[in-house]
Structures are given as structure tokens and as C-alpha cells.
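The lines below spell out each chain.
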Amino acid sequence: MSQALVARKSWFEATARARLGGLLDAGSLQEILPPGEAQPSPHLAALDLPGAFDDGVVIGRATLAGRPVLFAAQEGQFMGGAVGEIHGAKIVGLLRRAVQEKPAAVLFLIDSGGVRLHEANAGLIAISEIMRAVLDARAAGVPVLALVGGSCGAFGGMGIVAKLCSAILISEEGRLALSGPEVIETVAGVEEFDSKDRALVWRVTGGKHRYLMGDCAGLVDDDIAAFRLAASEFLAGWQEAEPSLGELRASQRRLEDRLAAYGALRDGLQVWAALGVAQPESVPMLDRDSLVALKEGLPT
Amino acid sequence: MKLQELFDALFPAGRQITVAGQVLTGQAMTPQGPVAVLGTTDAAAIDHRMALALAAFVLDTVEQHPGRPLVFLVDTSGQALSRSQELLCLNGSLAHLARCIDLARRQGHPSLSLVTANAVSGGFLSFGLMADRAYALADAQVRVMDLRAMSRVTKIAHERLVELAASSPTFAPGAENYRRMGGIEAIWPAPSAELLAAALETAAQARAAGDQRMQSGLARDGRRLAAKVADAVSPSMPSALA
Amino acid sequence: METLDFQFASAPVSRSAHTALCGVVGSGNLEILVQAGDQPATCQVSIKTSARGFGATWQAVLATFTTSHPAGGTRIAINDMGATPAVVSLRLAQALAEYRGGEQ
Numbered sequence: 001m002s003q004a005l006v007a008r009k010s011w012f013e014a015t016a017r018a019r020l021g022g023l024l025d026a027g028s029l030q031e032i033l034p035p036g037e038a039q040p041s042p043h044l045a046a047l048d049l050p051g052a053f054d055d056g057v058v059i060g061r062a063t064l065a066g067r068p069v070l071f072a073a074q075e076g077q078f079m080g081g082a083v084g085e086i087h088g089a090k091i092v093g094l095l096r097r098a099v100q101e102k103p104a105a106v107l108f109l110i111d112s113g114g115v116r117l118h119e120a121n122a123g124l125i126a127i128s129e130i131m132r133a134v135l136d137a138r139a140a141g142v143p144v145l146a147l148v149g150g151s152c153g154a155f156g157g158m159g160i161v162a163k164l165c166s167a168i169l170i171s172e173e174g175r176l177a178l179s180g181p182e183v184i185e186t187v188a189g190v191e192e193f194d195s196k197d198r199a200l201v202w203r204v205t206g207g208k209h210r211y212l213m214g215d216c217a218g219l220v221d222d223d224i225a226a227f228r229l230a231a232s233e234f235l236a237g238w239q240e241a242e243p244s245l246g247e248l249r250a251s252q253r254r255l256e257d258r259l260a261a262y263g264a265l266r267d268g269l270q271v272w273a274a275l276g277v278a279q280p281e282s283v284p285m286l287d288r289d290s291l292v293a294l295k296e297g298l299p300t
Numbered sequence: 001m002k003l004q005e006l007f008d009a010l011f012p013a014g015r016q017i018t019v020a021g022q023v024l025t026g027q028a029m030t031p032q033g034p035v036a037v038l039g040t041t042d043a044a045a046i047d048h049r050m051a052l053a054l055a056a057f058v059l060d061t062v063e064q065h066p067g068r069p070l071v072f073l074v075d076t077s078g079q080a081l082s083r084s085q086e087l088l089c090l091n092g093s094l095a096h097l098a099r100c101i102d103l104a105r106r107q108g109h110p111s112l113s114l115v116t117a118n119a120v121s122g123g124f125l126s127f128g129l130m131a132d133r134a135y136a137l138a139d140a141q142v143r144v145m146d147l148r149a150m151s152r153v154t155k156i157a158h159e160r161l162v163e164l165a166a167s168s169p170t171f172a173p174g175a176e177n178y179r180r181m182g183g184i185e186a187i188w189p190a191p192s193a194e195l196l197a198a199a200l201e202t203a204a205q206a207r208a209a210g211d212q213r214m215q216s217g218l219a220r221d222g223r224r225l226a227a228k229v230a231d232a233v234s235p236s237m238p239s240a241l242a
Numbered sequence: 001m002e003t004l005d006f007q008f009a010s011a012p013v014s015r016s017a018h019t020a021l022c023g024v025v026g027s028g029n030l031e032i033l034v035q036a037g038d039q040p041a042t043c044q045v046s047i048k049t050s051a052r053g054f055g056a057t058w059q060a061v062l063a064t065f066t067t068s069h070p071a072g073g074t075r076i077a078i079n080d081m082g083a084t085p086a087v088v089s090l091r092l093a094q095a096l097a098e099y100r101g102g103e104q
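Chains as they are written, first to last, in this note's numbering: chain A, 1 to 300; chain B, 1 to 242; chain C, 1 to 104.
Bear in mind the hints are in silico, worked out from the structure with no lab data behind them. Nothing false has been slipped in among the hints.
Straight line, CA to CA, 30 Å or less: simulated DSS-like cross-link-like pairs of lysine-lysine:
| id | chain 1 | residue 1 | chain 2 | residue 2 |
| --- | --- | --- | --- | --- |
| 1 | B | Lys228 | A | Lys102 |
| 2 | B | Lys155 | A | Lys196 |
| 3 | A | Lys9 | A | Lys196 |
| 4 | A | Lys196 | A | Lys295 |
| 5 | A | Lys295 | A | Lys9 |
Please read all numbers here as calculations on a predicted model, not as lab measurements.
So that you can see chain A by itself, here it is in the shape it has in the complex (with noise of 0.2 Å):
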């Protein structure tokens, strides 16, 4: 345990490159389309803004545990991770060549609140377009898989994105939702959703929560090295299954179900207790081994 807080070096603080770095086995990285032969958008040049020469995604190849992966990893603190055309199309086209060239995986590293609204319809495009792309490499058989950690999350249509990804991986700092809390607060009013109420925000979109429901497969401490090991030995026994109906069919009824279960309730400490979770006030408190234990004692 000690040894693990001297040697953690948080996810949620790195650079797109710095969780790169870590995550991926050392000396494997190639980018594509590195900065040198990138330009930035010339859409925020002209609103007079300063791009960034990877447009805020870097990708390419590397070996995770020895295995060619191809990943994307967006950079949160570069126009809070948003999907413009330039950085869309990276996306997309890293997609298509899992699609020939089957890596082991194509590891997502999303850090991002959705569409780029400087770009915004060339960015809800390309948002679609990726979604049809993960789509595409999955049933090539290559498994995608979404990691999520950083200080934007998943938001937005990069939200959807997530979820139509193999199987999440997420920390505790991790969010992932489709709105984000102040557009609710905005549109719906502070008492709908108090964007403000830190704790609110994480009982309702944070990765403990979307552990705890299910819609995550891992919790990962914010760890770069947790996040290669949950990676490497997620991926070690995954096998991508074609699409199909019948796994359809069961994800409709599950979902069905759960709305008409929880439907009606607001906060994730409401959810938890519905879920069996004896202290659900005592969730936000535990360390990241007593809440996979936890989730592993509940009833299914």
C-alpha cells in the first residue's frame, strides 16, 4: 500500500502524453500524425483563437503488456478535450485502420466534454462518425476500450462514444453523463441539479456510481500504473463478440428494468440503497478495493 502512494502519479493531473507515457509499454509508442506534420484549426484561427498543433488528440501505435494496440488519447486542458474537425477525423481515421489492421485494441483515453462549439457542426459530425467507426472496429473484432479519469470526463456525444465502447475503465475522479451538471443547472434551475454541489456531482456522474450500476466494467485508482494494469488484464480476457440480436435483446431488458426500478429517484445514495448497499452514505468514503469488494457482495 505504501509503496503504491509513493509510486502513484495521478491520472486525473497528467497531460494527454504524460498517461501515454505510463500507460503504454516504454519505448512502443509511434504517433501518427505527430505534431511536426499537424497543423492546428484553421476554424479557431479564425475566430482568432490559438489551436494546438495535434488539435487535442495524439494517436498511433504501441504495444500495452507486449500486445499492438492502437490508441487515442484526448488532452482535457486543450479546449476541454472538445471534438473539432481536425481532431475528429484523427479519431476516425485511427478507427478505420483497427478496422485493417486488427490491433489487440484500440484504446480510447477520453478526456473530453463533447462537441467543440468553435467547430460545432463539423464536431457533432464527426462525433456521429466515430460512433459509427467504434461500431465498425468492434465488429471487426477489435474490442475498444474506454478509459476515463480526467478533468472533463466524458460529456456530451463523447459520452455516447463511451458507452459504445467495448467496456469502460474508470476512477473515481472520472465522470461520465451526457449533460453536464451546469447545463441542467442552466436550463432546469439550481434545485434540479446544484452543479455547484461537488458531491452531487459525483453521487449522480461519477465513476463510483457508474461502478456501482454497472455501466463501467472497472474501478481503477487515479493511477497512470492502475490504469495499465486494469487495461492490460481487461483486455487479457476479452473477447469481442460479433453483434447480435440476442445480446440486444438482453441490454433492452436490462435497461427496462432498471428505469422502471429507479426511475423515479435522484441521488446515487438513493440508487445505492435500492441497489442492497447497506451504508450508502459511507460509498463516497471508501478506498477503491472496499467498493469493487462492496459491488462484488451485492445481490444481482
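Guided by the hints, dock chains B and C onto chain A, whose structure is given.
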């Protein structure tokens, strides 16, 4: 336009469509044969219930009517904005709907969507934009955000956005901008059985061709970078369904 | 946004086959890309910055840097979101060290 007028214009040969809680589902006859019709109405804010109702209908169609074309009628103001919806992972239910449509495509169902009034953000992504091709009526509102709200969020002067919108289709609302960007295939002056028949005529090819929106956006000089960037990353053929 | 271009005489840096990138274009931060230039004793710098009117400050910071570090034979491109001179100097040193180290 009233819903029944819309149905009359699109499906004069007959239809049986039920509307329940802003979700419409049913069957209609066209010169190309029967089609499954589904969608939302009255600027629906898509919630779990609507997404799951649409998804169930897609799965029923795949099971009961193999290969039958899907016609989506899109009228959505986006996603439902509420804490209880987010608590149950609304993005998950929208993703489920998108996966069901994707399954139908892979199992041979051509699909097209028609934006009849509004198409906004999450509601559009998970449904209308998942069709092989999207069309829009000329007076339809297609957008992520209107320019005033965009100006507030981006802190760029509204006048500046208006000025730039005149020369660039990249960010400003409007069906025509989406057509130029390749996201919408064509704009229909009015709902029309003839235009629907023509679209259905090419729907099977559109399905087989895979996602061609980048190429369309390039050809229409609306999205000049995306196709080139994606090709630079993945040099050979764009993805097409096997 | 303002675009600034400068050239400084600077002692030749040991040449690297790689480019080096440092920093992120986030609030109060900047990214710096160092690539091989074509004049061995000159450092060419091209800046895009969100903060207008700081040309003289940039010139001073860069002049100090190119005097105290061998940076000749490089082309440096910068995208800036209002970084302070201290942050600029720090990132420049990091980027140049990475460039000389040949790290990607």
C-alpha cells in the same frame, strides 16, 4: 405542420402509425414496398423511455421483418435535461439506441432519416445521424446551439459569429450548413412521397457504401479537412460494410 | 490572437533527428514545438498567442533564452494561451532539453 399532414404527404399509399408519448412507431406502404416508420415528435427531449421505445421497435423490426427499410422521422430538441435521467446514465440508453440501429444496418436494413422540424445534439446523434443517410425539410432547425448561447459560452462576440457564419458552414445552425458539411444528404422543400421513393431507391446502395459523409463534405466544399486527415491516418479504403 | 515572428543569433545546438514538444495549449500555458531549422547559428521563433500586445515581452524572454542556451539551428513554434514569462522560460528549457536528448 400537423403530424397527420406529414404522414399524408409521405405515405399516401397508406400507413399505420401510432403516437405514444412523443414517440411514433408503425408501418407504411411505399412504391418500394413496406417500410418501418419510427421517430419522435413535438421537439421531443429524448429520455430513457423514448430511447428504449425506439430501440425496442428497431429490434422488433430486425426480428419480424428482415431487411425492411427503416424511415426515421426526426423532431428532437436534444436530450432530456434532468438529474434523474443522468443518474441512470442517459448516454447509455442513447448509445443502446445507436447500437440497435447499427445492428439493423449490419443485418441488411437500409435506413434514412428525415428531420421534420428540429434536430439538436444528443437526440440527433443517437437516432437521426445513425441512419445511412439523413435528409431535412427546408424549414427544419438543425443545430448544436444557437449563436447567442454559443456566444455566451465561447465568449466570442455575437456579431463576430454572425459575420463568420456567412462565410463558413462549420459552426452556425442550419440544415443547409449540415448539407454542405456532409451530415445531411439533401434538403427537401416539403415532405414528398416522390422524394421519399427516390431516397428509398438508393437506400440499399447507401447502406452498402458505408459512411460517406466525409467525402460528401469535401465534395460540397463544406468540410475540407476531415476526409484528408482521416485518409492520412488510414491510407486505404474508407470503411464499408462487408 | 497575435502572430509574432522572431529570429535570434544563438550558438548551434547539437542537432537532433527528432522534434520535441512541450506543454499544452491550456489557460496560462503554452505548447512549444522544436524542430530542426536551416541556419545553424539562428533560432527562428514563430508564436501564435491569445494575448495581444506582448511582442516586446516575448522578444525579451526569447533573447535571454537564446543567449543563455545554445538554440541555433532550430525552428521553434509556439501556441500560447497567456503563459507568464516564467512559464515560457521553463517550457523553452524543457523543450530544448528534450530536443537535445532526442526523446520524442
